[in-house]
Structures are given as C-alpha cells and as structure tokens.
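For reference, the chains in residue letters:
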Amino acid sequence: MLEDIYAVAGELPYILFGSLITLEVVFFSLALGLVLGIPLALAQVYGPPALIRLVGLYVWFFRGTPILVLLYLFYFGLFIALRLDVSALASSCIVLGLTSAAYQAQIFRGGIEALPHGQLKAARALGMSDLQGIRHVILPQALRLALPGWSNEFSILLKDSALVHVLGVPELLAASHHVASRTGGHFTYYILAGLIYLSITLVGLKLLRGLEAKTRLPGHAHA
Amino acid sequence: MRVEGAACVNEPREQSVLRLEGVGKSLGGRRILNDVSLSLRKGELKVLIGPSGAGKSTLLQCANCLIRPDQGEIFLDGERLNQHNSGQLRLFRRQVGMIFQDFNLFDHLSAQGNVSIALEKVRGLSRREAGERALAELARVGLADRAALYPAELSGGQKQRVALARALAMDPRAILLDEPTSALDPELVGEVLAVIRDLAAGGMTMLMATHQMDFARALADEILFMDNGRIIEQGGPDVLLRQGAGTRTLDFCTRLSLELAGRDGLKANGLELLP
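Each protein sequence line maps, in turn, to chains B and W.
The first sequence begins at 1 in the numbering used here and counts up by one.
The second sequence begins at 1 in the numbering used here and counts up by one.
Be aware that one or more of the hints could be misleading.
Once the Cα atoms are required to be at most 27 Å apart in a straight line, the calculated DSS-like pairs of lysine-lysine come out as [claimed, not checked]: (1) W:K121 / B:K121; (2) W:K42 / B:K206; (3) W:K121 / B:K214; (4) B:K159 / B:K206.
Calculated from the structure, these hints are not laboratory results.
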C-alpha cells in the first residue's frame, strides 16, 4: 500500500506538468476566443448585412465541425499545405481558440442584444462616436451580462482540451495515459486525471463567480 | 392651418438657435414626418403635443439626427448641418441635448459617472475636471447627495434629473425633451418639471413633447400641435387653448383631460385643464 503511494507520488511531477500544459492550452484558447469573439459579436449585431453573413458562416463552420476533425485538418493538413511550421501545442490553441471564438461570439451577442436600444442612442446623443459608445457604454454592460455564460465556456473548453492529446501534446490526459500504460495502473491514474480536471474546474468557476460578484452593479444584487 | 396671432411667422432667421426646414422621414414605406419646419429662438420653450403616433418622437430624434431625416435641412445657429459628415454630426449632437422618455442612463455608471463620461470622452476633460463638473451639474438638479448611487438605486424622477444633468454638462445650445415625465409615477412628475421650469427661467432653449398641459399652458412660448406627421396648428397657449378657440389643439387637450379624469374618477378637478 505504502509502496503504491510512493509509486504514484513518483509519477506525480510528470502528471502535474501535464496539468500545466492543459492550463496553458485552456488559457491561450480562451484568450484567442475572447479577442476574436468580441469583434465577431459586434460585427453580428452592428455590421452590414454582408459581414453578418460572413460571421454567420464562420460560426456555423466552427460550431458544426468536430474539434478532432479540425485538429487533424489544421495540424496535418492546413499548416503543412501552407508550409507553416506550427507546433502541436500552438495548433491546438489555434483550433480550440477559433472554435471557442464562435461560441464566445454568441455569448457576447446575447449580452449586447439584451441591452436596451436606447443605450447606444444616448451615447450618440452626447456626441460619442459609435466606437466610443460601444467601448464605454455597450461593452462594459454586455460583458457583465455575458459572464455567467462565459464561465460555461471555460468549463467546456477545459474538457475539450483533453482532445489535443491526439496531436501528441503532453497535456494532462496524455500524461496520465502514458503513465497508466507504462505502470498498468489505469484505474489509479485516470481517477487522478479526473480529480485534477474537477479541481481546475472548481477553482476556475470559483474565480469567475468572484469576478461576477466583484463586477456586479449596486442595486442589482438578488437577495 | 396656421392660427392667427402665432408669434413665429416672420422671425429673423439668424436669431434661431435650432431650425428645421421641410424635414421629412419615411419608415417602412410609411410617411412618419411630412414637411415639418420649426425654429427655436434663444431661450424659447416650445411644446409639441398631439396624439401618439403623430410623429413627435420621430421629429425630436430627427432634430438631433438620431434618426436621419430623408428630406429637409437642419440648422444650428444658422449653420446648415451636413448629416453625412460624421465629425460635424457628433459636434452638432453634443450641442443639442436629448432627454428620453425612459431616461437611457448608463446602468454601469454611477450618477456622477453618467454625467462625467461624455465630458471625459467627448469633450476631453481630465477625469478630475469631469468629475467636478458632473458634481456641479448634479447639484444643479438637486442630486449632489446622490452622486455615488447607480441608476438601479435611484427613483424614476431622480433618474430623469440625472439625465438632465448629463445633457446640461455638455453646455448644449438647445435641449430636446421626448416626453420626459411620461414614464414616471405621478408623484415624481413634479420634481422633473421643476428642473425643466428652472431651465426655462434660466433661458435654456428647449423643444419638448409632453402631455403635461398645465405645464405647457404656463410655460410654453408656443405650442405645436402635431398629427399624421405634420404640425397642423401652432401658436401661443393663450391663442390655441383660449376658451372657444375651436382649435384641434383645444379639442385634443379637452379629450386628454377627460381621459385623465375618467382614469382617476375620484379627482373631480380632473377637468381643471378646461378653460
């Protein structure tokens, strides 16, 4: 029994390193999704019809194609065809980020469309440009409204990040799988992996709930 | 029909602060505004009345180009506005304040933030200057002690007063008010009208759509009666609302007060609007 625990402890650094890679993938994918998702949402709400259709096409493509297909397509197909030297880790972040952007765009669009029409009108009436109105009036409110939905996106993306082991990225699942097949301790190491995923979710969602509470506007608290 | 004795027929054009000429607007194939002309001289308060759907709100929003009119011209201090020049349009809008029926305060900003944001981002004041100016404007509408509160913590009347402070902070040449008290509980109407009355007394140029006939009768320099997208009568309240004037305006006001009386049957004096 004691020996078993020592054995697991010995493998732990390797698995924790895999967890760090997982966090890295999640962080960069969420960030890419955020940076692309906000302009995509704005384009869908305020853009000219041609742009709205274009964004619709993007969203349809990335929501409608399995991530595994996209991972293979980008890493083994697109990047090779373009003669781009993109690492497996970077490819994973790009694919998950582009996919997340499609989902995040819908989350932010919901936030923007939930605001009364008069908000941008009032900003314009004060002499603000549309960009100023969006920057100072629309987004601060829309992002607050989008936060609960966005925390969903975090937990989904964390789980989707396990898929990138197919490209050989040594993330949490890949590390656990490696150790499990080497030692034969499948039960132990997959349980351990599951517990680590659960802990990351727990901490991440707690932090996001904290952010929600911190940005909640006075007079909007639900008793 | 132009009622005899109307005061505005031959005013010198250079005196007008805000002038609309032949403004028209169609939406979805329907003519919402039809050849509307009006002018506001410095310090004038003109009141727009008329049945709902008459085009009052569209007219006000056209008057600061929140809705782009598809016909006609708008002049500020005698200078023609080029609607298609976005820089000129923004400069024009910041000089013509707009008050909305449902306030349109920015919910993520405190009362002070609501007033200071455009000072900072549009007029380029420093954060501190903008904050101080915002406090001064809030004091002017009697809300200095509410500066730190957020819209969700304010009453309707307080919200509309913050909206007035927000408009005033831009030092507007004129203010357009779109039924500023229609969304308020009856007991809150007075505090907002009091601010508007003080502005009128201070010489602010205003165009206001309202159903507050006592207010219009007492303070309006001129009443513009709209129906079907046109101004069909205009003149001083003493002319349009004189007993037996036989005007559409008087007719409308009589019906309005009867409706009010009917809605609140206990108020026997609901008919006091009748001359």
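Hints versus structure:
For the hint pairing W:K121 with B:K121, the CA-to-CA distance comes to about 16 Å; that is within 27 Å, so the pair holds. A distance of roughly 58 Å separates the Cα atoms of W:K42 and B:K206; the hinted pair therefore is violated under the 27 Å criterion. Proximity of W:K121 to B:K214 is assessed by CA-CA distance (about 25 Å); at most 27 Å being required, the pair is judged to hold. Pair hint B:K159 plus B:K206 holds up; C-alpha atoms about 17 Å apart against a cutoff of 27 Å.
Going through the hint list in order, the structure does not satisfy hint 2, though it satisfies all others.
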